[in-house]
Amino acid sequence: MLSIRNLSVSVDSKPILAGLSLDVPAGEVHAIMGPNGAGKSTLSYALAGKPGYEVTGGTATLDGDDLLALDPSQRAAKGLFLSFQYPIEIPGVPALTFLRTALNAQHKARGEAEVSAPDFLRLVRGKAAALKIDFDMLKRALNVGFSGGEKKRMEILQMAVLSPRLAILDETDSGLDIDALRIVSEGVNAMRAPDRAMLVITHYQRLLDYIRPDRVHVLSAGRIVASGGPELALELEREGYDKYEKAAA
Amino acid sequence: MSLGRAIAERDAAALPSRRDEAWRWTDLRGLIREIPPASAANDEGLPPGPFAALAVDEVAIVNGRGPERIEIAGRRHRDMALRFYSAPGAGSHTAELAISVADGASLTLLESHEGASGDYITACALDIVVGAGASVERVLIAADHEASVGASLARVTLGPGARFAQTVLTSGARRQRLETRVRHPGAGASVRLDGLYLLTDRRHGDITTIVTHEGVDGTTDQLTKGVVDDQARGVFQGRIVVSPGADRTDARMGHHALILSDRAEVDGKPELEIYADEVACAHGNTVGALDEEALFYARQRGLPESEARAMLTGAFLGEVVDRIEHEGARGVARAWLAARLEAKS
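Order-wise, the sequence lines are chains Y and A.
1 is the number of the first residue of the first sequence in my numbering; add one for each residue after it.
1 is the number of the first residue of the second sequence in my numbering; add one for each residue after it.
By construction, these hints were calculated from the structure, which means they are not laboratory data.
A few of these clues could be false.
[Said to hold, decoys possible] In the EDC-like style, the derived pairs of lysine to aspartate or glutamate whose C-alpha atoms are separated by at most 16 Å in a straight line are:
1) Y:Lys50 <-> A:Glu293
2) A:Lys269 <-> A:Asp20
3) Y:Lys139 <-> A:Asp322
4) Y:Lys50 <-> Y:Asp23
5) Y:Lys78 <-> Y:Asp195
6) Y:Lys127 <-> Y:Glu186
7) Y:Lys50 <-> A:Asp291
8) Y:Lys50 <-> A:Glu292
9) Y:Lys108 <-> A:Glu307
[Claimed, not checked] Covered by chain Y, according to a simulated footprint, are these stretches of chain A (three or more residues, beta-carbon under 8 Å):
10) 287-294
11) 297-311
12) 315-322
[Unchecked claim] Label pairs and their computed distance ranges (CB to CB):
13) Y:Thr59 <-> A:Ser117: 48 to 58 Å
14) Y:Val11 <-> A:Leu290: 41 to 51 Å
15) Y:Val11 <-> A:Gln231: 56 to 66 Å
16) A:Arg252 <-> Y:Thr59: 34 to 44 Å
17) A:Gly284 <-> Y:Asp209: 25 to 35 Å
18) Y:Asp177 <-> A:Ala52: 36 to 46 Å
19) Y:Arg110 <-> A:Glu325: 20 to 30 Å
20) A:Gly284 <-> Y:Val11: 30 to 40 Å
21) A:Asp230 <-> Y:Ser116: 47 to 57 Å
22) Y:Gly145 <-> A:Asp230: 28 to 38 Å
Because the structure is a prediction, the values reported are computed rather than measured.
Just so it is clear, CB atoms sit at the ideal spot from N, CA and C, and this is done for glycine as well.
Isolated chain Y, as found in the complex (with noise of 0.2 Å):
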């Protein structure tokens, strides 16, 4: 499914991701662990095509298809799902228009058929009531005068209406009640599919107890620095990210 090797990417000429190598199966669940400033957004923004984020060395496939040679909107259509740490406010656009709008996009580039209004109604209904989401406020401003969680949410509703090949999410739990944690995880977890990969990014464990990972790698000045089953996401948990920091230095 994913596939990245050597994948070097700086920002405003700094090296920041240094010939990192990862493979995320269909149907598997990878998390990446990692001190701050190691590079986890800046892998997330550059596998999604963020401008400014020069990728300087190596590849990046899904499906086999090179990532790294279409533009953002192309590698939505492709399957690619970002959740945004810090999702964006869209003053003026509805977040229903949003959804349909970019559905609609996916679909299009896709030559799929267009998703008609009440289907599109049907399917973001069943799916925001699944995650709490009360449907007045998808009348609203995408995101705008959201509390956090609503807005993690959101991306969360974005991510089961897209239905994407890989998601990957990127700081998911930051700013998170537990109530809230355990929403938008069950939210993930109703998506694991054999078809589907996710890449959860985050700097703590406790995402982890909400959301089990077949692999954890964890990543320290630009590269994946070791790489385990979930028993590993505990062991950073009691002894932190000093031994990887030291290993990459």
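Given chain Y's structure and the hints, the job is docking chain A onto it.
Structure of chain A alone, referenced to chain Y:
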């Protein structure tokens, strides 16, 4: 100095120039060497105007010819389309129209400035007198030809307790000014004065307003938003004067613009002059670029870049459209904006 006089006297020396403070961003003398010949009468009939779908009574002023006076009587509401139309082959013409709205009456004025073709020059003057307790909403779509030059001036006088709301929408022209002057001599008058410009290519659009509060307890609420691209130039000059004795005036003015290209320009000049007591006045003026973070966010969700830009631009300008009170006119304005955004992207 005025465009109207220059046309009437066929004297280019009477054109306002950038040496006139009020015209320094909308220089006409440097642009026009010679006033084109007077437009001939034209009775060929008009194509449907921007508000045609609303099927309201229509008054047309074609090449400057049409009624000079309209009276709205009685304590009832009327919708009226008012079209200033420059026919194919028009040269230069002026128009003057006085509209009086009787005490307690109510009017929605759906005004359009339309040009069929070519490099015509027009000046139109509109005098609107709004009686005591009367109410007028004016929605102006300036859909002039890109090669045209035009200046319009609306002078609005409000009676006690009168209400005047206005939304000016323009796609600009070769050079264009849309000016509104509102006087509140009566007490308790209320004004909403909004503007929207969406300018591409080398178009120029100038929205100028002067609101003079002369009575007590008046309110003015002003919001103008603009987007300029390519080599276009947007101008907003807004002045609010609170005269001595116009106590307890509450006036707010906002002008916010997005510049989408390095070669586009926005000039904004908000001014408040306050000579009365217990006055609440505020103004805000911002000019910036499209939010790159929002643009990437929308693209990440699947919108191609041009579509994402159009969506965000439309949302930015949509705030002005949403403030139009007349539902039909709001729908027309929304469709007008959507069509302009689509043509752009």
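* Would you list, in rising numerical order, the hints stated earlier that this structure does not obey? => 4, 14, 15, 16, 17, 18, 19 and 21
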